[in-house]
Amino acid sequence: MAQRSAVIGIGQTKYDAKRIDVSMPGLVREAAVRALEDADLSWRDIDAVVIGKAPDMFEGVMMPELFLADALGAAGKPMIRVHTAGSVGGSTGIVASSLVESGVFERVLCVGFEKQSESNAMWALTVSTPFSVAVVAGAGGYFAPLIRAYIRRSGAPEDTGIRVALKDRQNALKNPYAHVKIPGLTFDQVMNSPMLWDPVRYLETCPSSDGACAMIFASEAKAAKSPGKPAWVHATAMRSEPTMFAGRDQVNPLAARMNAKDLYSKARITNPRQEIDCAEIYVPFSWFEPMWLESMGFAEEGQGWKMTYEGATAIDGDLPVNMSGGVLSSNPIGASGLIRFAEAAMQVRGQAGEHQVDGVHKALGHAYGGGSQYFSTYIVADHKP
Amino acid sequence: MAPTEAEHEAPLTAVHHLEYAYRRSVGPVLGRFFAGLRERTICGIRTRAGRVLVPPAEYDPETGDATGDDFVSVGPGGTVTSWTWVSKPRPKQPLQHPFAYALVKLDGADTPLLHAVDALFESRMRTGMRVRPRWRSETRGEIGDIACFEPEA
Amino acid sequence: MELVKSITTPVVLDYDYVTGRAQSRFLRGIAEGRILGQRCIECKRVYVPSRGACPRCAVRTEEEVQVSDKGTVTTFCIVRVPSENLAFNPPYACAAVLLDGANIPFTHVLQECALEDVRMGMRVQAVWVAKEQLGPTMSSIRYFKPIAEPDAEYDTFKEHL
Amino acid sequence: MRDVAIVSFAQSAKARETRNEVEILMPVVQEAVKNSKLARQEIGFTCSGSSDYLQGQSFAFVGALDAVGAWPPIKESHVEMDGAWALYEAWIKIQTGDVDSALVYSFGKSSPGDLPEILALQLDPYTMTPLWPDAHSLAALQARAFLEATGKTERDLARVVARSLCSAVTNPHAVVSGAVEVEKLLAEPYVCSPLRAHDLPPITDGASAMVVVAGDLARKLCARPVWIRGFDHRIEPLGLGMRDLTRSASTEIAARNAGVHKGVLDFAELHAPYSHQELILRAALGLGDEIAINPSGGALASHPLMVAGLVRIGEAAMRIMAGRGDRAVAHATQGPCLQQNLVCVLEGE
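Protein chains in written order, with the working numbering: chain A, 1 to 385; chain B, 1 to 153; chain C, 1 to 161; chain D, 1 to 349.
Accuracy of the hints is not assured; some may be wrong.
What the hints assert, rightly or not - Pairs of lysine-lysine, PhoX-like flavour, derived with a Cα cap of 25 Å:
{"hint": "1", "chain 1": "A", "residue 1": "K229", "chain 2": "A", "residue 2": "K14"}
{"hint": "2", "chain 1": "C", "residue 1": "K158", "chain 2": "C", "residue 2": "K70"}
{"hint": "3", "chain 1": "D", "residue 1": "K152", "chain 2": "B", "residue 2": "K105"}
{"hint": "4", "chain 1": "D", "residue 1": "K14", "chain 2": "D", "residue 2": "K34"}
{"hint": "5", "chain 1": "A", "residue 1": "K18", "chain 2": "C", "residue 2": "K5"}
{"hint": "6", "chain 1": "B", "residue 1": "K88", "chain 2": "D", "residue 2": "K184"}
{"hint": "7", "chain 1": "C", "residue 1": "K44", "chain 2": "C", "residue 2": "K131"}
{"hint": "8", "chain 1": "D", "residue 1": "K184", "chain 2": "C", "residue 2": "K44"}
{"hint": "9", "chain 1": "C", "residue 1": "K5", "chain 2": "B", "residue 2": "K92"}
{"hint": "10", "chain 1": "A", "residue 1": "K18", "chain 2": "A", "residue 2": "K174"}
{"hint": "11", "chain 1": "A", "residue 1": "K174", "chain 2": "A", "residue 2": "K229"}
{"hint": "12", "chain 1": "A", "residue 1": "K18", "chain 2": "A", "residue 2": "K181"}
{"hint": "13", "chain 1": "C", "residue 1": "K158", "chain 2": "C", "residue 2": "K145"}
{"hint": "14", "chain 1": "C", "residue 1": "K158", "chain 2": "A", "residue 2": "K306"}
{"hint": "15", "chain 1": "C", "residue 1": "K5", "chain 2": "A", "residue 2": "K14"}
{"hint": "16", "chain 1": "A", "residue 1": "K266", "chain 2": "A", "residue 2": "K14"}
Calculated from the structure, these hints are not laboratory results.
For reference, chain A alone in the conformation it holds in the complex (with noise of 0.2 Å):
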């Protein structure tokens, strides 16, 4: 890279079902305006704007990053608008780093944002067109059949993902700006909660979220002119393939594996279970923990459920993943990847207030989209590369 880049500023909303008390610009400003502040700048600072958010439909407005621009001060700035399905926050983050990487800018705002509230998010991933029927019913409709691929082909025991989804629940009552939180939460409530998609129940599923994160990347320079400490940008990887074709394996698709292999060749990771100190990982149903875990390489194709068995993606295990709480907290789609590199970014700087696992010094964030077929990560130090 022409320079190295650093995570300087974080801001996010509080994640609510209809966050009713703001607009789209107040949304995406409350957010921007913490990053700011995080990085003791104002507007004039930032050298260019890169907004993220999933489909246009959800808010009923085409490219609405054009109506937004001035919302986050890019007027008379460069402005690049990034949508590659649900890993779109990933990606959002990776452009806006990639700019600084440049050498081209010195500081980068980016924001990732959805007003799910202003519509309906199933109504919008099931617009039906002519000579179709419908009959997926949304995203839970399309993951399921691949969770029970998952559950034949690794034989993990039934109550995997009740374990993942009572994990991440308590972990997001230590997360002020988490959107579902659920005190005294058991067990035997997520495994009694309602299947919505069998093998998939309502407590395992994540919500649909109002809400906006913002980070702010800058240059080795500026990031020395920050008075927080920077996270340092070791590696971004991003990988895509198409939806479906014959034999396709879409429960660990290449994409994903190709992806880590990148991403911890680039940051010179050899052994990332022993090497990464934490994880926020895109977990939008409870069973994609232990399959993003094989796919992002931390356990053996199959091995994954054992990691969240025997408590080692918890706060306190030795891979704590999703300690914010994660997609099954919060669920704003277009900023949900986003959150994941802030979180990772936000342990690394010690910043995660009662979520912060003691010691981090390197953290993934990890977004994926689409038919498990877009991923976009990256990892983030407390040391220069």
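Use these hints to put chains B, C and D onto chain A, whose structure you have.
For chains B, C and D alone, kept in the frame of chain A given last:
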């Protein structure tokens, strides 16, 4: 009847209908603007730099700085700063007979507002003309409470 | 003055939807009660429905192949949550069906079967609308139903999960 | 900065396509890849631009992966923007050193819906979209403000149209072209005064693809690579009342940063969907009468939305590659009334 070869090869087509009534929360600043419209008044907001924005925004579009709550009453009269004539209105547009879309700088505002002007004839339209709002009979707290503008007598 | 909290803004748009050429041929096959696929010239795999391209090889697919309306459930889920736009009322089984002769599963609804009896590997067949109601639309296949054949071995379909 | 060159470009444009997006895109991508002389798997990065609302379907861009050779999996990104910005992201990616080459593509069918009406969804959803101003009417507001502020006339607009359509005669991707007289154009009725039908962009369905390569590899692959010497883009507030519609402040900044006038220009490819916008852009870019504008015919002759900006850069590059110029400026725009503008300076080897 069997389709002809040409019909057989032509791709199938159909109407794809997309419909949703979006429910938009508007925030405190536009919330005040729309509340004013419901009472047939128009407000702008003064930026720190002193410009009066109509419609009001939560931020100064030039800098991104927050605007605060310095609301300013503007209009109701205003001046057309540019216009175009719509001779064949589309069904969703504010008037169903020929009309003008115009930028109207309301008295006391520094930025013009986009709206429709019902002038009946294109020959009545000119830049610099004075217009005033025609209110909808039942206001609801939205931009359409101004049914359109019309030339001042 | 009481602030306005929200406004409703309807968006209603109509588009002329044009199917691709391959999809048109597929749908015209459906109107004749036939399920058509296309074989990739490079990897020789058969795509159902025809999609005009093999994404794996990034080449156009042209060779037309008729496949059976019988197949194997590779995986499935039971939809128990209602949603707008859905063509069926929950609960129902939504299955990936690998039709005999195809190399990629096809998603449809499974009926005439207790939900607890749905399983990976079960053999199923399409149930069509009455002949005079056949048309170039996926709704010409009402659903899939189980048939009296032994379940397929896991190894025969494990690559299609 | 790393030197990056355009080594191949391909496009498709028709007034109304009967093919779907994947079917339009596949041959275009294949042609660009073939002409780059790189194998598909050798290309380091892929980036595309498109908009869901042209199809009225969420994730419309996902299906395009079927057409572009995404197996084995590729390093890939997508912008919900004109393809020119996908090229910008690719150029940035090459600057980071992560990759040495990129495939950029964009696609869009404007014909399925009422495009000028659909574009009302790009506006402020609280105070503008509910009034459903179509894109043509908004451009006309700008046109009148521009004419009245500058003393230019409708005749000046007609001259832009006549020159564009005449240049388009030799462009196989033009959907409108021909020799037309200014007087005849001025005799046509207004669609939205002061604009007439020929002042508006024609509805066009299309796709385009380009391969860009860094440094010596570009020289190895291509007899005359076309170097990107300057590249910048800027945005303005969307609100028509919040900016000066009679000039393009964002183009002025981008032109300065891209170094448009660091050398002599032979021609310009400007993305001006409406005739008056060409005059605004010429002023913003400081282009004198000696510089040939839009030898391809420009956006008045062919305007596949989400594609047309990348096409300007591709047209300029192909012209330089063919030896019909050494240095050019290409421009892309999106958003109502030239809200966001991109400037790319190109030079032949």
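To see whether the hints hold, each was checked on the structure:
{"no.": "1", "hint": "K229(A) - K14(A)", "verdict": "holds, 23 Å"}
{"no.": "2", "hint": "K158(C) - K70(C)", "verdict": "holds, 18 Å"}
{"no.": "3", "hint": "K152(D) - K105(B)", "verdict": "holds, 23 Å"}
{"no.": "4", "hint": "K14(D) - K34(D)", "verdict": "holds, 22 Å"}
{"no.": "5", "hint": "K18(A) - K5(C)", "verdict": "holds, 12 Å"}
{"no.": "6", "hint": "K88(B) - K184(D)", "verdict": "holds, 23 Å"}
{"no.": "7", "hint": "K44(C) - K131(C)", "verdict": "violated, 32 Å"}
{"no.": "8", "hint": "K184(D) - K44(C)", "verdict": "violated, 58 Å"}
{"no.": "9", "hint": "K5(C) - K92(B)", "verdict": "holds, 24 Å"}
{"no.": "10", "hint": "K18(A) - K174(A)", "verdict": "holds, 21 Å"}
{"no.": "11", "hint": "K174(A) - K229(A)", "verdict": "holds, 22 Å"}
{"no.": "12", "hint": "K18(A) - K181(A)", "verdict": "holds, 15 Å"}
{"no.": "13", "hint": "K158(C) - K145(C)", "verdict": "holds, 21 Å"}
{"no.": "14", "hint": "K158(C) - K306(A)", "verdict": "holds, 22 Å"}
{"no.": "15", "hint": "K5(C) - K14(A)", "verdict": "holds, 19 Å"}
{"no.": "16", "hint": "K266(A) - K14(A)", "verdict": "violated, 34 Å"}
The structure shown violates the earlier hints numbered 7, 8 and 16.
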